[in-house]
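S.K.: Sequence:
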Amino acid sequence: MRNILSIGLTTLAAAVVLSGCAAGPGGAPAASASGSHLDSVQKAAVLRICTPGDYRPFSFQKADASFEGIDVDLMAGFSASLGAKPEWIKTTWANLLPDLAAGKCDIAVGGVSVTTDRQKRAFFSAPYMVNGKTPIARCADVAKYQNVADIDKPATRVIFNPGDSNERFARTNFKQARLTLHGENVTIFDEILANRADVFVTESAEAIVQQKLKPGLCAINPDKPLQYGEMAWMLPRDDVAFKAYVDQWLHLQQAGGEFQRVMDRWLK
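One gets the working numbering by counting positions in the sequence shown from 1 and adding 54 to each.
Derived from the structure by calculation, the hints contain no laboratory data. Some clues are possibly wrong.
Okay, derived cross-link-like pairs now, DSS-like style, lysine-lysine, Cα gap no bigger than 27 Å in a straight line [to be verified]:
no. : residue 1 : residue 2
1   : Lys97     : Lys116
2   : Lys158    : Lys207
3   : Lys322    : Lys278
4   : Lys266    : Lys174
5   : Lys139    : Lys158
6   : Lys278    : Lys266
7   : Lys322    : Lys268
8   : Lys268    : Lys207
Full structure from sequences and hints, please.
M.R.: What follows is the structure, encoded as structure tokens:
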């Protein structure tokens, strides 16, 4: 799965150009009126991180309230690079973008899909993973749900979680299937095992991890996703200096091999 899930980071210069940043006089990037998070995080020695914490293998809150996952490991290194301590702020998928936009956190992570709707209100880091939409179903039903047309039938019970790209994909692509909104991402897979739902479409990385955790469930063609997707961190809009630092840090982590070691820990 490494060649499917990991992609090369864009160069720092390209990332800044493509980020859609505002330009000041003479074409120079316009600075935020309140200064950059690059400075404020170092001054406070605290990096405030918003995450839903319900999405393995990216960010998952355990019973003792601590977090674990790919983004959690990466955030430990990233915050240390700024001389800051990570402070985790639990949110929901529906509130992730509003909380970031309201200034409740400096960065939002946890398996965030890059979308143009989110891009309207936030910056994204350079994408660090290709992770398209993949169905997961009971293993006995894999042959029934090979593509969107197979799933989108009146007898199929499609379940999805609110407030993110999974909901958008379900509502956009399934017009005949019976749709069920399920508020808890942690328990959504149990609904399929209990035969109260048939299919959940999520990112391939989550589908692969959950089929290991939930015997009886199978990811369907995770190497051939139904829809192309990228994962990235979400950043405050117009903070060019902070985005440039994030992208450079990600690039160096990938070039130095630490990024792949983190990925292998959670995906192998």
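S.K.: None of the hints should be skipped; say for each whether it holds.
M.R.: Against the structure, the hints come out as follows:
{"no.": "1", "hint": "Lys97 <-> Lys116", "in the structure": "30 Å, violated"}
{"no.": "2", "hint": "Lys158 <-> Lys207", "in the structure": "42 Å, violated"}
{"no.": "3", "hint": "Lys322 <-> Lys278", "in the structure": "18 Å, holds"}
{"no.": "4", "hint": "Lys266 <-> Lys174", "in the structure": "36 Å, violated"}
{"no.": "5", "hint": "Lys139 <-> Lys158", "in the structure": "16 Å, holds"}
{"no.": "6", "hint": "Lys278 <-> Lys266", "in the structure": "19 Å, holds"}
{"no.": "7", "hint": "Lys322 <-> Lys268", "in the structure": "16 Å, holds"}
{"no.": "8", "hint": "Lys268 <-> Lys207", "in the structure": "25 Å, holds"}
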